[in-house]
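S.K.: Sequence:
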Amino acid sequence: MDSSNENRDESSFGHAVLSQFCLDPSYINLNVGSFGCLPHAVRIAYDQLSLELEAMPDLFIRRKMASQVTQVRTLLATHTGATVDNCVMIPSVAHGINTILRNFPWNENDKLIIASTTFHTISRAVDCLSFTDPHPTVSTFECLFPTSHTEILNNFRKCVQSTKAADSSASVETRGQYHTVVLFDSIISMPGVCMPWKEMVRICKDEGVWSIVDAAHSLGQELNIELDDTDPDFWVANCNKWLSSKRGSALLYVPLRNQDIIKYSFPPGIGAASPSNTGVSAFVGEFHWNGSKDIITALTVKAALEFRSSHGGEERIINYCHNLAMSGGKYLADMLGTEVMLSPSGNPDELVGNMVNVAIPLPPALKPSADLMRRIDKTLLEEKKVYAAVFYHNRRWWTRVSVHIFNEVLSLWGLDVFHQFIVGAFVYHYLITAPGSRLLDWTFVANLVLELLLSNIIQIFYAVRLWKLTPKPKLVFLAVVPLIINNLFLGIYVPVNLSNQVADVSKIADINFKWAVITLLAGTSALDFILSTSLIHALIRMGSQMRWATSSLQVVAAFVANTGFLAR
Numbered sequence: 001m002d003s004s005n006e007n008r009d010e011s012s013f014g015h016a017v018l019s020q021f022c023l024d025p026s027y028i029n030l031n032v033g034s035f036g037c038l039p040h041a042v043r044i045a046y047d048q049l050s051l052e053l054e055a056m057p058d059l060f061i062r063r064k065m066a067s068q069v070t071q072v073r074t075l076l077a078t079h080t081g082a083t084v085d086n087c088v089m090i091p092s093v094a095h096g097i098n099t100i101l102r103n104f105p106w107n108e109n110d111k112l113i114i115a116s117t118t119f120h121t122i123s124r125a126v127d128c129l130s131f132t133d134p135h136p137t138v139s140t141f142e143c144l145f146p147t148s149h150t151e152i153l154n155n156f157r158k159c160v161q162s163t164k165a166a167d168s169s170a171s172v173e174t175r176g177q178y179h180t181v182v183l184f185d186s187i188i189s190m191p192g193v194c195m196p197w198k199e200m201v202r203i204c205k206d207e208g209v210w211s212i213v214d215a216a217h218s219l220g221q222e223l224n225i226e227l228d229d230t231d232p233d234f235w236v237a238n239c240n241k242w243l244s245s246k247r248g249s250a251l252l253y254v255p256l257r258n259q260d261i262i263k264y265s266f267p268p269g270i271g272a273a274s275p276s277n278t279g280v281s282a283f284v285g286e287f288h289w290n291g292s293k294d295i296i297t298a299l300t301v302k303a304a305l306e307f308r309s310s311h312g313g314e315e316r317i318i319n320y321c322h323n324l325a326m327s328g329g330k331y332l333a334d335m336l337g338t339e340v341m342l343s344p345s346g347n348p349d350e351l352v353g354n355m356v357n358v359a360i361p362l363p364p365a366l367k368p369s370a371d372l373m374r375r376i377d378k379t380l381l382e383e384k385k386v387y388a389a390v391f392y393h394n395r396r397w398w399t400r401v402s403v404h405i406f407n408e409v410l411s412l413w414g415l416d417v418f419h420q421f422i423v424g425a426f427v428y429h430y431l432i433t434a435p436g437s438r439l440l441d442w443t444f445v446a447n448l449v450l451e452l453l454l455s456n457i458i459q460i461f462y463a464v465r466l467w468k469l470t471p472k473p474k475l476v477f478l479a480v481v482p483l484i485i486n487n488l489f490l491g492i493y494v495p496v497n498l499s500n501q502v503a504d505v506s507k508i509a510d511i512n513f514k515w516a517v518i519t520l521l522a523g524t525s526a527l528d529f530i531l532s533t534s535l536i537h538a539l540i541r542m543g544s545q546m547r548w549a550t551s552s553l554q555v556v557a558a559f560v561a562n563t564g565f566l567a568r
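Using the UniProt record's numbering, the first residue of the sequence shown is number 1, and each one after it goes up by one.
Please keep in mind that the hints were generated in silico from the structure rather than gathered at the bench. Careful, some of the hints might be misleading.
[To be verified] Restricting the straight-line Cα-Cα distance to at most 20 Å, the calculated cross-link-like pairs of lysine to any residue (SDA-like) are:
hint, residue 1, residue 2
1, Lys302, Glu315
2, Lys164, His135
3, Lys293, Leu51
4, Lys385, Asp85
5, Lys205, Leu144
6, Lys384, Leu372
7, Lys111, Gly208
8, Lys205, His149
9, Lys378, Glu54
10, Lys385, Cys22
11, Lys198, Glu52
12, Lys64, Glu52
13, Lys367, Glu54
14, Lys205, His179
15, Lys293, Glu54
16, Lys468, Ile484
17, Lys293, Arg43
18, Lys111, Val138
19, Lys468, Asn456
20, Lys302, Val84
21, Lys111, Glu142
22, Lys263, Pro134
With the hints as constraints, model all of the structure from the sequences given.
M.R.: And the structure:
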């Protein structure tokens, strides 16, 4: 790294680099953790390589591609502290983990442990193992946050040991002959928390079980990965999320001792049928060509690493993003009156990388649904042009804010927009489209009843005033009192039945007590009309007796004061 990069301050981040990314300037991206974000420099490199490929496809694929892929593998091996021949390029973490699971020599009594926070495409891959025999028995390691790394490690060891203890129930012939495999994250997706994955790998070694590390979020968010030293059995990471390469590029690490397990890629590569004479291992050759796909995406890793190096390198970038995640998380938590998901240990930010989780002040009874999440996505993306992931974990609602170098503290005003939407959308959903609490339903009823009662009390006051001013009070009694009684009765009947029968505002037209609503509205309007016109008539008759009423303006003022037009 040159001295100019080392001496840069953080002023070269934030809005100063936003134009270097392919982002709409009006869009506030707080969700890099899901799909990454492409710099223009990487896009240009992709376009140039694509043109070179399309100019002479056979020359590029048959003669040039292997050396360029090897160059990328070498760069990533250096980046992760790995032996280059233990590294191959794949399209995604999901592809890599499916490859591992489909190649592993499962036996009938094998055990597979996954975490409760395992990403859904990975847990789905685990579920699909049961479609064929033999397949492992799957158990779950419960991960509930906030918690500490120490607590995670203690619970993890207990889970592994208890799963292994099941071997005691096996027959003498099979006891100790099955595999126990543990699949866990280096950095969990949601909640976005850093795991003590290196220590977890060590526990797996101590307990004699296999480790598969889903490191989808590690590259570009974690320093000092040191794969050869940590020595997991399998390790898979995306390059497009935080490293900013083109989507469809990922790294699979398999140490030499386990490479014979991976007999085919997913789908099988041409190398399995026709070994090349390029000098690469069968493992590396298996991933050279797996059918027609976009082969350029993996090659953009070089441009992505060069882009990050031009901005000071990994340590500077990751430190900036981590510090901004901490300050931005506190900012949002203060706005919401909640808290950041921090570790209760002596190192509270050990859970936080470039992603921070902030609690949303919503009732635990509100559960996630497809309709609710679609509404959130639609409003945030299409109307507000800001996005951060929203999720439900450990009986609470959270938002995960992902931070990159184009974000800055001042740009986090977008969190204000996010906050306003979240509160509005969830309150609307909870009270109107999907009420889930009878307490809130009856609060809604009480509010309507009190509002209608207050309106009736005001009408009674005007009726008393009219009784005193009119020369024929009996007519007032006959006209007004029945309407007041009608409005009082229906003012209670309608809200109660509305709450019982209507769970969606769009279904109001289907209620079976329309007569009551219409009668209530008609009665209230009729009473207002009778009171206001009668009072005006009475005041006009009294106008000639008012010595101070010497102008029309004074008479109008008297009408307004006496009939309460302003209040109405």
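S.K.: Take the hints in turn and mark each one as holding or not.
M.R.: Here's how the hints hold up against the structure:
The hinted pair formed by lysine 302 and glutamate 315 meets the criterion: a straight-line CA distance of about 18 Å does not exceed 20 Å. About 17 Å separates the Cα atoms of lysine 164 and histidine 135, which keeps this hinted pair within 20 Å; it holds. Taking the CA atoms of lysine 293 and leucine 51, the gap is about 15 Å. The hint holds against a cut of 20 Å. Proposed proximity of lysine 385 and aspartate 85 is contradicted: the alpha carbons are some 44 Å apart, above 20 Å.
With a C-alpha separation of about 24 Å, the suggested pair lysine 205 and leucine 144 falls outside the 20 Å cut-off, and the hint is violated. With a C-alpha separation of about 17 Å, the suggested pairing of lysine 384 with leucine 372 holds against the 20 Å cut-off. Distance hint between lysine 111 and glycine 208 is fulfilled; the C-alpha atoms sit about 13 Å from each other, no more than 20 Å. For the proposed pair lysine 205 and histidine 149, the alpha carbon gap of about 18 Å is at most 20 Å, so the pair holds.
Of the supplied pair hints, the one linking lysine 378 and glutamate 54 is violated, its CA atoms being roughly 38 Å apart against a limit of 20 Å. Annotation: proposed proximity of lysine 385 to cysteine 22 holds, straight-line Cα distance about 15 Å (limit 20 Å). Distance hint between lysine 198 and glutamate 52 is unfulfilled; the C-alpha atoms sit about 41 Å from each other, more than 20 Å. The suggested pairing of lysine 64 with glutamate 52 holds, with an alpha-carbon distance near 10 Å, which does not exceed 20 Å.
For the given pair, lysine 367 sits about 50 Å from glutamate 54 by alpha-carbon distance, which is inconsistent with the 20 Å threshold. For the hint pairing lysine 205 with histidine 179, the CA-to-CA distance comes to about 13 Å; that is within 20 Å, so the pair holds. Taking the CA atoms of lysine 293 and glutamate 54, the gap is near 13 Å; set against the 20 Å cutoff, the hint holds. A distance of roughly 18 Å separates the Cα atoms of lysine 468 and isoleucine 484; the hinted pair therefore holds under the 20 Å criterion.
Distance restraint check for lysine 293 and arginine 43: the Cα-Cα separation of roughly 18 Å lies within the 20 Å cut-off, and the hinted pair is therefore satisfied. For the suggested pair lysine 111 and valine 138, the alpha carbons sit about 6 Å apart, so the restraint of at most 20 Å is met. With a C-alpha separation of about 19 Å, the suggested pairing of lysine 468 with asparagine 456 holds against the 20 Å cut-off. Of the supplied pair hints, the one linking lysine 302 and valine 84 holds, its CA atoms being roughly 15 Å apart against a limit of 20 Å.
For the suggested pair lysine 111 and glutamate 142, the alpha carbons sit about 16 Å apart, so the restraint of at most 20 Å is met. Straight-line distance between C-alpha atoms of lysine 263 and proline 134 comes to about 18 Å, which keeps the hinted pair within the 20 Å bound.
Of the numbered hints given earlier, the model fails hints 4, 5, 9, 11, 13; all others are met.
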